[in-house]
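Visitor: Chains A and B, in that order, give the protein sequences.
Under our numbering, the first residue of the first sequence is numbered 1, with each subsequent residue one higher.
Under our numbering, the first residue of the second sequence is numbered 1, with each subsequent residue one higher.
Hints are computed from structural coordinates only; laboratory data are not their basis.
Some hints here could point you the wrong way.
[Stated by the list, open to error] Over the 10 Å line for every Cβ pair with chain A, so calculated as not near, a few chain B residues:
{"no.": "1", "residue": "Ala-19"}
{"no.": "2", "residue": "Leu-43"}
{"no.": "3", "residue": "Glu-53"}
{"no.": "4", "residue": "Arg-54"}
{"no.": "5", "residue": "Ser-58"}
{"no.": "6", "residue": "Gly-59"}
{"no.": "7", "residue": "Arg-62"}
{"no.": "8", "residue": "Leu-75"}
{"no.": "9", "residue": "Asp-83"}
{"no.": "10", "residue": "Thr-84"}
{"no.": "11", "residue": "Lys-105"}
[Claimed, not checked] As a list, the in silico SDA-like pairs of lysine to any residue whose alpha-carbon atoms are at most 20 Å apart:
{"no.": "12", "chain 1": "B", "residue 1": "Lys-105", "chain 2": "A", "residue 2": "Gly-3"}
{"no.": "13", "chain 1": "B", "residue 1": "Lys-26", "chain 2": "B", "residue 2": "Ser-71"}
{"no.": "14", "chain 1": "B", "residue 1": "Lys-56", "chain 2": "A", "residue 2": "Asp-98"}
Cβ atoms here follow ideal geometry from the backbone N, Cα and C, with glycine treated the same way.
Single-letter residue listing:
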Amino acid sequence: DAGVTQSPTHLIKTRGQQVTLRCSPKSGHDTVSWYQQALGQGPQFIFQYYEEEERQRGNFPDRFSGHQFPNYSSELNVNALLLGDSALYLCASSFVRDTQYFGPGTRLTVL
Amino acid sequence: SQQGEEDPQALSIQEGENATMNCSYKTSINNLQWYRQNSGRGLVHLILIRSNEREKHSGRLRVTLDTSKKSSSLLITASRAADTASYFCATVRRGGGADGLTFGKGTHLIIQP
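Looking at chain A on its own, in the form it has when it is part of the complex:
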């Protein structure tokens, strides 16, 4: 049984560009959450998707948007990239409101 998978592993972008990160949840899970982790900090909650709708959102600007597909996979989109968006982006999946299981993350570097 595959766990949570994320792609790509690493990504380098320049300021002003747009990026899309992808996440496939663990089998049987229907909820996907996204987190941003800056170097040396704890993860910060971006948003959570359930039944293809954004159910909860953290304190992130509208440049951060997402989508959940009928197969429960999810995308995180970030527009107009800033240097401060450089971070590890983590996806977590869960069944309803059970324990969240994290993927390995996507390391985004903005130059």
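Model the placement of chain B on the given structure of chain A, informed by the hints.
Guide: What follows is chain B alone, placed relative to chain A:
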């Protein structure tokens, strides 16, 4: 913003010793969870304790929760080199419509052989 604060920020002990990490949080919670992260990779779920529980065990892990003090502790007994990692507490706010986790800044644990 971070809700929780782990203490200490860093801890270095000898293999075989016990390691204790503390976490404080600010709001009423549904549950508190501890996660481990190795070298900036994905987080591994260790244990969940609900707001109506005071203590929970899992293998070499012991977690306590004091909701009156808004604090929790994680004890790792008989530490091993493989326990070297960053440890985070995360809370789910009571009454929230969903369960986005609020993490602290973490404790970096180093186990010296």
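Visitor: Compare the structure with each hint and give your call.
Guide: Hints, one by one, checked against the model:
1. Look at Ala-19 of chain B: its CB is around 18 Å from the nearest CB on chain A, clear of 10 Å, so calling it non-interface holds up.
2. Not every CB of chain A is more than 10 Å from the CB of Leu-43 of chain B (nearest about 4 Å), against its label as outside the interface.
3. The non-interface label for Glu-53 of chain B is consistent with chain A: the shortest C-beta to C-beta separation is roughly 15 Å, beyond 10 Å.
4. Every CB of chain A lies more than 10 Å from the CB of Arg-54 of chain B, the least distance being 20 Å, so the non-interface label holds.
5. Its beta-carbon lying about 12 Å from the closest one in chain A, Ser-58 of chain B satisfies the requirement of being farther than 10 Å from that chain.
6. No Cβ of chain A approaches the Cβ of Gly-59 of chain B within 10 Å, the least distance being about 16 Å, so the stated non-interface status holds.
7. Non-interface status of Arg-62 of chain B relative to chain A is upheld: no Cβ of that chain comes within 10 Å, the nearest being about 18 Å off.
8. Distance check for Leu-75 of chain B against chain A: the nearest CB is about 20 Å away, which clears 10 Å, and the non-interface claim stands.
9. With a cut of 10 Å on Cβ distances, Asp-83 of chain B stays outside the contact zone with chain A, its closest approach being about 18 Å.
10. Thr-84 of chain B, annotated as away from the interface, keeps every beta carbon of chain A farther than 10 Å; the closest lies near 17 Å.
11. Interface exclusion of Lys-105 of chain B from chain A breaks down, the closest Cβ pair being 5 Å apart, not more than 10 Å.
12. Restraint check: the Cα-Cα separation between Lys-105 of chain B and Gly-3 of chain A comes to about 25 Å, which exceeds 20 Å; the hinted pair is violated.
13. Straight-line distance between C-alpha atoms of Lys-26 of chain B and Ser-71 of chain B comes to about 9 Å, which keeps the hinted pair within the 20 Å bound.
14. This hinted pair checks out: Lys-56 of chain B and Asp-98 of chain A have alpha carbons roughly 17 Å apart, not beyond 20 Å.
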